[in-house]
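Enquirer: Quick mapping for you: the protein sequence lines, in order, are chains A and G. Add 38 to a position in the first sequence, counting from 1, and you land on the number used in the working numbering. Add 38 to a position in the second sequence, counting from 1, and you land on the number used in the working numbering.
Some hints here could point you the wrong way.
You can't tell identical chains apart in this list, so a pair holds if it fits in one copy or across any two.
As the list claims (entries may be wrong) - With a straight-line Cα cutoff of 25 Å, these simulated BS3-like cross-link-like pairs (lysine-lysine) come out:
id, residue 1, residue 2
1, 458, 145
2, 236, 462
3, 450, 462
4, 193, 605
It is worth saying that the hints were derived from the structure and are not from the lab.
Number of protein chains: 2
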Amino acid sequence: MSNNVKPLKPWLPKPQNEVPVKQYKGYQPPWIIETPEKSYRSIFKWGHPSGAKAPRESLYKLLKKTFGMTDEDFQTPIFTGLEEVEVNSPITLTKEQIKKFEDAVGKDFVSQDPYTRLSVAYGKTMIDILRLRNKIVENVPDLVIYPDTTEHIEKIVEICKEDKIPIYVYAGGSSVTRGVEPMRKGSITLDLRKRFNKVIKFNETNQSITVQSGMMGPELERVLNNAPEEFGAKRRYTCGHFPQSFEYSAVGGWVVTRGAGQNSTYYGKIEHIVLGQEYITPVGKVVADSYPAKATGPDINQIMIGSEGTFGILTDVTLKIFRAQPENHYKFSFIFKDFESGVAAAREIMQAEFGFPSVFRLSDPEESNIMLQMYGIDHDTPVDKILRVLGYEENKRCIFLGFTDGEKKFCKNIHRQVKKICKKYGGFYLTGLVTEGWEHGRFADPYMRDNLQDFGVMIDTLECSVNWDNMLEVHQFVRKYCKSRPNTLCLTHLSHAYPQGANLYFIFITKMSDIDEFVDYHKGILDHIQASGAAMSHHHGIGKLFAPWLEGQIGSNQMDIFKALKKHFDPDNIMNPGGTLGLDLKESEKVFKRPKW
Amino acid sequence: MSNNVKPLKPWLPKPQNEVPVKQYKGYQPPWIIETPEKSYRSIFKWGHPSGAKAPRESLYKLLKKTFGMTDEDFQTPIFTGLEEVEVNSPITLTKEQIKKFEDAVGKDFVSQDPYTRLSVAYGKTMIDILRLRNKIVENVPDLVIYPDTTEHIEKIVEICKEDKIPIYVYAGGSSVTRGVEPMRKGSITLDLRKRFNKVIKFNETNQSITVQSGMMGPELERVLNNAPEEFGAKRRYTCGHFPQSFEYSAVGGWVVTRGAGQNSTYYGKIEHIVLGQEYITPVGKVVADSYPAKATGPDINQIMIGSEGTFGILTDVTLKIFRAQPENHYKFSFIFKDFESGVAAAREIMQAEFGFPSVFRLSDPEESNIMLQMYGIDHDTPVDKILRVLGYEENKRCIFLGFTDGEKKFCKNIHRQVKKICKKYGGFYLTGLVTEGWEHGRFADPYMRDNLQDFGVMIDTLECSVNWDNMLEVHQFVRKYCKSRPNTLCLTHLSHAYPQGANLYFIFITKMSDIDEFVDYHKGILDHIQASGAAMSHHHGIGKLFAPWLEGQIGSNQMDIFKALKKHFDPDNIMNPGGTLGLDLKESEKVFKRPKW
Chain A
39 MSNNVKPLKP WLPKPQNEVP VKQYKGYQPP WIIETPEKSY RSIFKWGHPS
89 GAKAPRESLY KLLKKTFGMT DEDFQTPIFT GLEEVEVNSP ITLTKEQIKK
139 FEDAVGKDFV SQDPYTRLSV AYGKTMIDIL RLRNKIVENV PDLVIYPDTT
189 EHIEKIVEIC KEDKIPIYVY AGGSSVTRGV EPMRKGSITL DLRKRFNKVI
239 KFNETNQSIT VQSGMMGPEL ERVLNNAPEE FGAKRRYTCG HFPQSFEYSA
289 VGGWVVTRGA GQNSTYYGKI EHIVLGQEYI TPVGKVVADS YPAKATGPDI
339 NQIMIGSEGT FGILTDVTLK IFRAQPENHY KFSFIFKDFE SGVAAAREIM
389 QAEFGFPSVF RLSDPEESNI MLQMYGIDHD TPVDKILRVL GYEENKRCIF
439 LGFTDGEKKF CKNIHRQVKK ICKKYGGFYL TGLVTEGWEH GRFADPYMRD
489 NLQDFGVMID TLECSVNWDN MLEVHQFVRK YCKSRPNTLC LTHLSHAYPQ
539 GANLYFIFIT KMSDIDEFVD YHKGILDHIQ ASGAAMSHHH GIGKLFAPWL
589 EGQIGSNQMD IFKALKKHFD PDNIMNPGGT LGLDLKESEK VFKRPKW
Chain G
39 MSNNVKPLKP WLPKPQNEVP VKQYKGYQPP WIIETPEKSY RSIFKWGHPS
89 GAKAPRESLY KLLKKTFGMT DEDFQTPIFT GLEEVEVNSP ITLTKEQIKK
139 FEDAVGKDFV SQDPYTRLSV AYGKTMIDIL RLRNKIVENV PDLVIYPDTT
189 EHIEKIVEIC KEDKIPIYVY AGGSSVTRGV EPMRKGSITL DLRKRFNKVI
239 KFNETNQSIT VQSGMMGPEL ERVLNNAPEE FGAKRRYTCG HFPQSFEYSA
289 VGGWVVTRGA GQNSTYYGKI EHIVLGQEYI TPVGKVVADS YPAKATGPDI
339 NQIMIGSEGT FGILTDVTLK IFRAQPENHY KFSFIFKDFE SGVAAAREIM
389 QAEFGFPSVF RLSDPEESNI MLQMYGIDHD TPVDKILRVL GYEENKRCIF
439 LGFTDGEKKF CKNIHRQVKK ICKKYGGFYL TGLVTEGWEH GRFADPYMRD
489 NLQDFGVMID TLECSVNWDN MLEVHQFVRK YCKSRPNTLC LTHLSHAYPQ
539 GANLYFIFIT KMSDIDEFVD YHKGILDHIQ ASGAAMSHHH GIGKLFAPWL
589 EGQIGSNQMD IFKALKKHFD PDNIMNPGGT LGLDLKESEK VFKRPKW
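Produce the entire structure from the sequences given, and follow the hints as far as they go.
Expert: Structure (structure tokens):
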């Protein structure tokens, strides 16, 4: 069905595989930009098979300086993972069991191929990547199964329940918490990407869409943007959920981990966007209905969201949808004299009750430095000189950027009020240009991790949720630890804001290739986030990697609630077992770090 | 501490005991407006001991006409409940048990007085009122206990756990679901009004306040409105939660029932306002923390909200607070030609993304008729004539009213956009006058129930949550049943709106004094709400009265989740036992009504 609704102004950046890598003026390292053959690399690399992103020349120079490296260090890529994979993990499921799965979904949709098994076993945290670069294959499922329908998943869960076979689920594969890793031998992984990715229902009257959980971000956005052509709708829509992993993450993953998109300050986190859900659990189908609100006991949607596959398998999701109005993206960016005044302005914006901007990001001095360089405002350029004259000093100044979403006048008012408040706190208006620079790279930055890691430069991130009254302390306390490692960049920003607080996001970049060294450093950061009094995840979830900290985070009585639910849904512990959400950890494996100050 | 912040423009209506009852031109029934002595009436009557509200003369005339009554029928009040109470329910707790409670909280704070026991046993549904008018005392607690601190409540729960003594909780007492009724013999009721009503923490940086659960609505609003004087704050605040029961309901009741205030379209339901909570349960203290958002498993706040006292006793609540800006209440009211066009406008307003109005109320034709008369636009007045000439016919036309909250320009834009959309759907602007009429009576109408019931005219309400695509059908289907009873008014409005749907609220007024007749009628309405496909409560909760329908509403697998949580928190079923949330009902007691069309 077609329709005469005018086309949407394009606003999402181009996929990274369509963006050329820029030539440097000086020495340019041999960045690997070719599409890798089937290999460890084709599994661990981010995103599109032929996508790559080398750093800008200015960033390359900065990195060399920071890490005391020279062009010599960037001659030969190491641990590139370009070798063919070897999986020495024998299949322990019996032929009868395998046949049962084949009967359930069709023989063509059950794979025992080693590469396929490995390709769904890891996520994208640096621990995953370092293991694959080092050809360490710890956990793989026996089978990879491609369900097409909810009935398939019901049958699979039934078989697993009978024989106590552990079930893992894979879709986007962008987990940074070891969320998808099949820790138990003799397990299966459902790969939802291939077939479990369909629209079930589009409802324009209720402004909602129901999709299968394996629906990927771009496909969801495509059908919503093209709702007139796809569904005969009167308008074009958006889901409003754009995590950095948007292009390679699925709706189901967003929901079960309690994810957030970069526009969440306006659209809300995924738990605010979900209206209804269906799960197949070992005790049957759980249906959380899609009423706009109600008073019929505890909220079943909010019991299931964040369960990370430990209660059951999410099959259908009903999401709120919103009018797609990229023409109302009023962009803004400001520079503040210091982080304190930026945070004060950010708080006032969120508490002033004129509605919220959509993208909302305040970078700390270290991140602001890098951004200014990446977006072309390098040291001693004319703009930089003017800024310094005006009192916006390097290593103190902070960039705040964002844009609006919603109805035109609503957006215009937000833009005006944001300017007013920023001015009050000494912010200097940088127009929308910096925002455009950020938009350009918003989904592309993860590609750069692979290219830098080829030369031993590691990038990873951790994030946490913080109330305003603790914001500056958490920022200092966690950063202090991150920076205690010599030659380490720690880029921090405040984003995903609320009237009561915001997310603090730490990006750490350092020269490191050793897994154990990384694991220790990563643990140290988690320890410090927990000890700072922040909530240890705003939107990455817990998975198996953060699980040892969870009980310390939420408290034992609260952990017991999760365990009671787990026992109810999955008494045999076949749903994503092996540490997820800390539900089956030993006492000795847990970490408790209480605030120190 | 005092402060120079300018005083707040008064905007909440005066308490009803300060408003004189108007003299009629014609015959005026002997409305009981005197403060009753200690009696059944002083227990069941709404609100302030000396508050009363007789209908306007125009409404009195309409009621006579509707019910075929004459001035003769309004000569002598019946079943007034002015008699001294008699409680023949022997105390079965032992002296030792009573002493344990006295030791826990102090002898002066444990009462065995019969009037006191009865005064905390009932809520405000018509079933409660009719029982008290008929001196039917079915369930009273053995003791009424007045805790002061969380430690008191911990001790009380410990004693109850040891001896398996049922615990009930009373605060505002405005339940319309038999939520507070102590169904089990040998029970205790905690009355939180007297002492468990203090501010624990005010946090202006995070815009939050933490209070004990017995804090009443007006006191919460008083301290927030006077935050500069009370806490040395920089601004004045509001909680934004104003249910019709505002003056006689407590924070704890709002939370455990998942209530909504009349301004919820802007501020959200209570589950959107709550940041954190503490409960004392039989398995220990449960703390749901107050981060703005997070990704650390299922949402414990949303597991506990709506648990209606069946998991544990809510002690502390941390609530979001908002800037008090009554000067930005841009009022609007419109008249539409029919309900359909009003609903279409309401939906478009909620989906247009310019922010939401605060109060939002679309009355159906029958309610609009009554409102026009109550607010002075009677039949054949000049305004009425003009409206009819313009095509806004009686019994078809619908009133839509509301006002804004938030920052000034945000509010102005909403007001402008609402006008634009209403005009598009044929709405005629009635200025803000009708809204002012509504505001005047917003907390006072429940008083009228008592005065009318004295002459056998019954008023009660039921409400439900509906998606937009089912709105007109639910309205018709439920109303058809309500109106199948002869001489019955059924006033319906759509309020508490969302982009995905809204609440439908049914007020039924009929001549009826017989309890059984009422119970049958009430059941019939609940049956029809459930069969209509609506969620059977948007904000009244479930309690013991709606409990038989809950499993039919949410489904058995979902009910099993509640039961698993109940088993975890309260294995001995001592927390609000006897049907609450349908957790301890027999199969034969349940009602399942599935949508019929």
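Enquirer: Are the hints correct? Go through all of them and say.
Expert: Quick rundown of the hints versus the structure:
1. Taking CA atoms no more than 25 Å apart as the test, residue 458 paired with residue 145 passes in neither setting, with 63 Å inside one copy and 59 Å between copies.
2. For a Cα distance limit of 25 Å, the shortest separation of residue 236 from residue 462 qualifies neither inside one copy, at 49 Å, nor across copies, at 36 Å.
3. For the identical chains of this complex, residue 450 and residue 462 are neighbours both inside a copy (19 Å) and across copies (23 Å), given an alpha-carbon limit of 25 Å.
4. With identical chains, the CA atoms of residue 193 and residue 605 are at most 25 Å apart within one copy only, with a shortest distance of 21 Å there and 29 Å across copies.
Hint compliance for this structure: hints 1 and 2 are broken, all remaining hints hold.
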